[in-house]
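Letter by letter, the sequence shown follows residues -24 to -1, 1 to 70 of mature numbering (1 follows the signal peptide of the UniProt record, and there is no 0).
FYI, nobody ran anything at the bench for these hints, they're computed from the structure. Keep in mind that the hints are not guaranteed to be accurate.
Unchecked claim - Computed list of lysine-lysine pairs in DSS-like fashion (alpha-carbon distance at most 27 Å, straight line):
(1) Lys45 / Lys56
(2) Lys23 / Lys56
(3) Lys45 / Lys34
(4) Lys51 / Lys34
(5) Lys45 / Lys30
(6) Lys34 / Lys23
(7) Lys23 / Lys59
(8) Lys45 / Lys59
(9) Lys56 / Lys34
(10) Lys30 / Lys59
(11) Lys59 / Lys34
(12) Lys23 / Lys51
(13) Lys23 / Lys45
Unchecked claim - Beta-carbon label-pair distances, calculated as ranges:
(14) Phe5 / Asn65: 36 to 44 Å
(15) Ala4 / Ser66: 43 to 51 Å
(16) Asp27 / Gln62: 22 to 30 Å
(17) Glu58 / Ala9: 34 to 42 Å
(18) Val32 / Ala9: 32 to 40 Å
(19) Val32 / Ala4: 42 to 50 Å
(20) Met26 / Ile48: 17 to 25 Å
(21) Gln39 / Glu68: 41 to 49 Å
(22) Ala4 / Gln61: 37 to 45 Å
Note that beta-carbon positions come from the ideal geometry of N, C-alpha and C, so glycine has one too.
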Amino acid sequence: MLKIQKLSCAALMLAGVFSTSVFAEQAAFDESAASYAVGALMGGQVKDLMDAQKEVIKYDNAQILAGLKDAIEGKVDVRKDEKIQQTLNSIEEN
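Whole structure, please, built from the sequences with the hints as guidance.
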């Protein structure tokens, strides 16, 4: 179930990225409002994921935000970071 939720979250993020190029073509476009809207949409998906797993783990919101920020800024690559992979695997095992 966690894998499905990860894929759903990833698909949502990709959809947000691809839809940004469509928005960029519009002349009177509020980038700030669009950025917030995409962030709120992603945040809702993250909250749903956390709620679905609240029996498994109590998440630290500050750490979740830090991880999101680092990923968005390109400071971390989950696919290449072994420690993160081990942590994610341990969550799936619980």
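Verification of the hints:
1. Using a Cα cut-off of 27 Å, the hinted pair Lys45 and Lys56 holds, with the two alpha carbons roughly 17 Å apart.
2. The hinted pair formed by Lys23 and Lys56 meets the criterion: a straight-line CA distance of about 25 Å does not exceed 27 Å.
3. A hinted pair counts as satisfied when its Cα atoms are at most 27 Å apart, and Lys45 with Lys34 qualifies at roughly 20 Å.
4. This hinted pair checks out: Lys51 and Lys34 have alpha carbons roughly 25 Å apart, not beyond 27 Å.
5. Taken as a hint, the Lys45 and Lys30 pair is honoured in the structure, with Cα atoms around 22 Å apart against an allowance of 27 Å.
6. Restraint check: the Cα-Cα separation between Lys34 and Lys23 comes to about 12 Å, which is no more than 27 Å; the hinted pair holds.
7. For the hint linking Lys23 to Lys59, the alpha-carbon distance of about 23 Å falls within 27 Å, and the restraint holds.
8. Taken as a hint, the Lys45 and Lys59 pair is honoured in the structure, with Cα atoms around 18 Å apart against an allowance of 27 Å.
9. For the hint pairing Lys56 with Lys34, the CA-to-CA distance comes to about 25 Å; that is within 27 Å, so the pair holds.
10. For the hint linking Lys30 to Lys59, the alpha-carbon distance of about 22 Å falls within 27 Å, and the restraint holds.
11. Taken as a hint, the Lys59 and Lys34 pair is honoured in the structure, with Cα atoms around 19 Å apart against an allowance of 27 Å.
12. For a cut-off of 27 Å, the pair hint linking Lys23 to Lys51 stands: about 23 Å separates their Cα positions.
13. Of the pairs offered as hints, the one joining Lys23 and Lys45 holds, with about 16 Å between alpha carbons and a cut-off of 27 Å not exceeded.
14. Between Phe5 and Asn65 the C-beta distance comes to about 41 Å, which sits within the given range of 36 to 44 Å.
15. Look at Ala4 against Ser66: about 48 Å separates their beta carbons, and that is inside 43 to 51 Å.
16. A hinted range of 22 to 30 Å holds for the C-beta pair Asp27 and Gln62, which are about 24 Å apart.
17. Between Glu58 and Ala9 the beta carbon distance is about 39 Å. The supplied range of 34 to 42 Å therefore holds.
18. Between Val32 and Ala9 the CB atoms are about 35 Å apart, so this pair conforms to the stated range of 32 to 40 Å.
19. For Val32 and Ala4, the Cβ-Cβ distance of about 45 Å falls inside the hinted range of 42 to 50 Å, so the restraint holds.
20. Checked against the hint of 17 to 25 Å, the pair Met26 and Ile48 passes, with Cβ atoms roughly 18 Å apart.
21. Between Gln39 and Glu68 the CB atoms are about 18 Å apart, so this pair departs from the stated range of 41 to 49 Å.
22. Judged by the Cβ atoms, the range 37 to 45 Å given for Ala4 and Gln61 holds: they are separated by roughly 44 Å.
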